[in-house]
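Asks: Okay, here's what each chain looks like letter by letter:
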Amino acid sequence: AQRVTQPEKLLSVFKGAPVELKCNYSYSGSPELFWYVQYSRQRLQLLLRHISRESIKGFTADLNKGETSFHLKKPFAQEEDSAMYYCALKRPGNTPLVFGKGTRLSVIA
Amino acid sequence: EAGVVQSPRYKIIEKKQPVAFWCNPISGHNTLYWYLQNLGQGPELLIRYENEEAVDDSQLPKDRFSAERLKGVDSTLKIQPAELGDSAVYLCASSAGQYEQFFGPGTRLTVL
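Just so you know, the sequences run in chain order A and B.
So in the numbering used here, spot 33 of the first sequence is number 39, and the numbers just go up one at a time.
So in the numbering used here, spot 58 of the second sequence is number 219, and the numbers just go up one at a time.
Hints are supplied without guarantee of correctness; some may be wrong.
Calculated cross-link-like contacts (lysine-lysine; reagent style DSS-like; alpha-carbon spacing at most 30 Å) [as the list claims (entries may be wrong)]:
#	chain 1	residue 1	chain 2	residue 2
1	A	K28	A	K96
2	A	K71	A	K28
3	A	K28	A	K63
4	B	K176	A	K96
5	A	K15	A	K79
6	B	K223	B	K177
7	A	K15	A	K71
8	A	K79	B	K223
9	A	K28	A	K15
10	A	K15	A	K63
11	B	K172	B	K223
12	B	K232	A	K15
13	B	K177	A	K107
14	B	K232	A	K107
15	A	K96	B	K239
16	B	K232	B	K172
17	B	K177	A	K28
18	A	K96	B	K223
19	A	K79	A	K107
20	B	K239	B	K177
21	B	K176	B	K239
22	A	K71	B	K223
Per label pair, the in silico range of CB-to-CB distance [claimed, not checked]:
#	chain 1	residue 1	chain 2	residue 2	range
23	B	N199	A	A23	40 to 46 Å
24	A	A23	B	S219	41 to 47 Å
25	A	S61	B	K177	18 to 24 Å
26	A	R59	B	Q259	31 to 37 Å
27	B	S219	A	T11	40 to 46 Å
28	A	K79	B	K223	40 to 46 Å
Only part of the chain A face toward chain B is listed, based on derived beta-carbon distances under 8 Å [unchecked claim]:
#	residue
29	P24
30	K28
31	S46
32	L50
33	L53
34	Y92
35	P102
No lab work stands behind these hints, which were simulated from the structure alone.
Cβ atoms here follow ideal geometry from the backbone N, Cα and C, with glycine treated the same way.
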């Protein structure tokens, strides 16, 4: 079975400070990993996926298969980054997402 | 493009009453998902459709929940009768096969 663990329910950082949202997963195969974000009063939307190895809004995430982790990082947090962040895993192919419980990021001015 | 559309956005009912949620996916998306999101939790899959066929409904409590996607486009999720524990957000998502899933705004259900 697949499982995604986000150990922090709430993370508060000051504006300009580095941010790291932790995500660990459990899956025996080769997963696809994603970070989804939900801003206040908006719908859940894809932030980034490990396959594309892209940087979106200054965020990056590297898949570490040895540690089964996919932590989300940003060097300098902005107030507009305050949101709910969900890490998600998908088996290859047309399969549903398995989400973690989410971490609420609060960036303090 | 309106994205995935869901209605109603909010619903308050008394326990034992029936309730239905509607979802219209993005045009051309053959895969449709219903997720349940309880407070403080991430979304969990209830049912997945490929066109009009339910291909994964193992997490759907079939004693009270039902869903349909008759023409392979929009979908309805029903609860009858609703229980207090069904209070949650019901999310619909769609994708073009294995590609990115796009989520709707959700329906927040409160059962009194």
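Asks: If a hint holds in the structure, say so; if it doesn't, say that too.
Replies: Status of each hint after checking the structure:
no.	hint	result
1	A/K28 to A/K96	holds, 17 Å
2	A/K71 to A/K28	holds, 14 Å
3	A/K28 to A/K63	holds, 18 Å
4	B/K176 to A/K96	violated, 35 Å
5	A/K15 to A/K79	holds, 16 Å
6	B/K223 to B/K177	holds, 16 Å
7	A/K15 to A/K71	holds, 23 Å
8	A/K79 to B/K223	violated, 41 Å
9	A/K28 to A/K15	holds, 10 Å
10	A/K15 to A/K63	holds, 22 Å
11	B/K172 to B/K223	holds, 21 Å
12	B/K232 to A/K15	violated, 40 Å
13	B/K177 to A/K107	holds, 29 Å
14	B/K232 to A/K107	violated, 34 Å
15	A/K96 to B/K239	holds, 26 Å
16	B/K232 to B/K172	holds, 26 Å
17	B/K177 to A/K28	violated, 40 Å
18	A/K96 to B/K223	holds, 24 Å
19	A/K79 to A/K107	holds, 18 Å
20	B/K239 to B/K177	holds, 13 Å
21	B/K176 to B/K239	holds, 14 Å
22	A/K71 to B/K223	violated, 37 Å
23	B/N199 to A/A23: 40 to 46 Å	violated, 31 Å
24	A/A23 to B/S219: 41 to 47 Å	holds, 43 Å
25	A/S61 to B/K177: 18 to 24 Å	violated, 51 Å
26	A/R59 to B/Q259: 31 to 37 Å	violated, 18 Å
27	B/S219 to A/T11: 40 to 46 Å	violated, 22 Å
28	A/K79 to B/K223: 40 to 46 Å	holds, 42 Å
29	P24	violated, 24 Å
30	K28	violated, 14 Å
31	S46	violated, 13 Å
32	L50	holds, 4 Å
33	L53	violated, 11 Å
34	Y92	holds, 5 Å
35	P102	holds, 4 Å
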